[in-house]
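Asker: Take a look at the letters that make up each chain.
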Amino acid sequence: SAVISQKPSRDICQRGTSLTIQCQVDSQVTMMFWYRQQPGQSLTLIATANQGSEATYESGFVIDKFPISRPNLTFSTLTVSNMSPEDSSIYLCSVRDANQPQHFGDGTRLSIL
Amino acid sequence: TQLLEQSPQFLSIQEGENLTVYCNSSSVFSSLQWYRQEPGEGPVLLVTVVTGGEVKKLKRLTFQFGDARKDSSLHITAAQPGDTGLYLCAGVSADSWGKLQFGAGTQVVVTP
Chain A
1 SAVISQKPSR DICQRGTSLT IQCQVDSQVT MMFWYRQQPG QSLTLIATAN QGSEATYESG
61 FVIDKFPISR PNLTFSTLTV SNMSPEDSSI YLCSVRDANQ PQHFGDGTRL SIL
Chain B
1001 TQLLEQSPQF LSIQEGENLT VYCNSSSVFS SLQWYRQEPG EGPVLLVTVV TGGEVKKLKR
1061 LTFQFGDARK DSSLHITAAQ PGDTGLYLCA GVSADSWGKL QFGAGTQVVV TP
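Line by line, the protein sequences give chains A and B. Under the numbering used here, the residues of the first sequence are numbered 1 to 113, in order. Under the numbering used here, the residues of the second sequence are numbered 1001 to 1112, in order.
Just so you know, not all the hints are guaranteed correct.
Derived lysine to aspartate or glutamate pairs resembling EDC-like cross-links, with alpha carbons at most 16 Å apart [to be verified]: (1) Lys-1099/B - Glu-58/A; (2) Lys-7/A - Glu-1041/B; (3) Lys-7/A - Asp-106/A; (4) Lys-1056/B - Asp-1071/B; (5) Lys-1070/B - Glu-1005/B; (6) Lys-1099/B - Asp-97/A; (7) Lys-1057/B - Asp-1083/B; (8) Lys-65/A - Glu-54/A; (9) Lys-65/A - Glu-86/A.
I should point out that these hints are in silico values taken from the structure, not numbers from a laboratory.
Start from the sequences and build out the full structure, keeping to the hints where you can.
Answerer: Here it is, written out as structure tokens:
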């Protein structure tokens, strides 16, 4: 399966600032996703990162708050903008190729003060 | 509303005991995955089931996919402390537009 590297692995940020999370895959993949997870809870899909076009956001998530880039088939970024304490969470990058199971990075643990 | 209902939410057992986690839905799934997640890590895929009635074994773990492809179970025999983690079922259905839908997760704690 693809090896997924996420950076940073954790960060502590000030209220009102923005943080960009990077996701690098060691092979080309068709689909890339971004999830949010509260500790000990399940995963919530934020958006599907589409290569060469705008991301597709799930209900409750908007591009202004969570801009996403996907310049090629191995890389994507998620920015958490104008952060508030409610944005404290684990953010996970995930990838899937056609007819293959979905795999996850180790996540970025984000705390906002 | 969760498309996949997972139960129980929490399980605490002694080493050597057996446990079963259930994943149920009213939707039909083309495939269903089970993941285990440990603190500080992302979910790790344990198994994928695709055929109704399918049973897969992974050492002491047995996974079953319901005949109608609407439910699944994970059974662990003689649990060990290393089995501790958050177990997540997830699947793709006709209602999910190709996106993976997750259950709420079951936190399993196995004490020595």
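Asker: Given the hint that Lys-1056/B pairs with Asp-1071/B, does the C-alpha gap stay at or below 16 Å?
Answerer: With Cα atoms ~14 Å apart, Lys-1056/B and Asp-1071/B stay inside 16 Å; holds.
Asker: Straight-line Cα separation of Lys-1099/B and Asp-97/A no greater than 16 Å?
Answerer: holds, 12 Å
Asker: For the pair supplied as a hint, Lys-7/A and Asp-106/A, is the alpha-carbon distance within the 16 Å limit?
Answerer: With Cα atoms ~9 Å apart, Lys-7/A and Asp-106/A stay inside 16 Å; holds.
Asker: Run the distance test for Lys-1057/B versus Asp-1083/B: straight-line Cα separation, threshold 16 Å.
Answerer: holds, 15 Å
Asker: Does the alpha-carbon distance linking Lys-1070/B and Glu-1005/B stay inside the 16 Å limit?
Answerer: holds, 11 Å
Asker: Verify the proposed pairing of Lys-1099/B with Glu-58/A, using a straight-line Cα cut of 16 Å.
Answerer: This hinted pair holds, its Cα atoms lying about 11 Å apart.
Asker: Does the structure keep Lys-65/A and Glu-86/A at a Cα separation of 16 Å or less?
Answerer: The given pair, whose Cα atoms are some 13 Å apart, holds under the 16 Å limit.
Asker: Is it true that the CA of Lys-65/A sits at most 16 Å from the CA of Glu-54/A?
Answerer: holds, 14 Å
Asker: Straight-line Cα separation of Lys-7/A and Glu-1041/B no greater than 16 Å?
Answerer: holds, 13 Å
Comparing the model with each numbered hint stated earlier shows that all of them hold.
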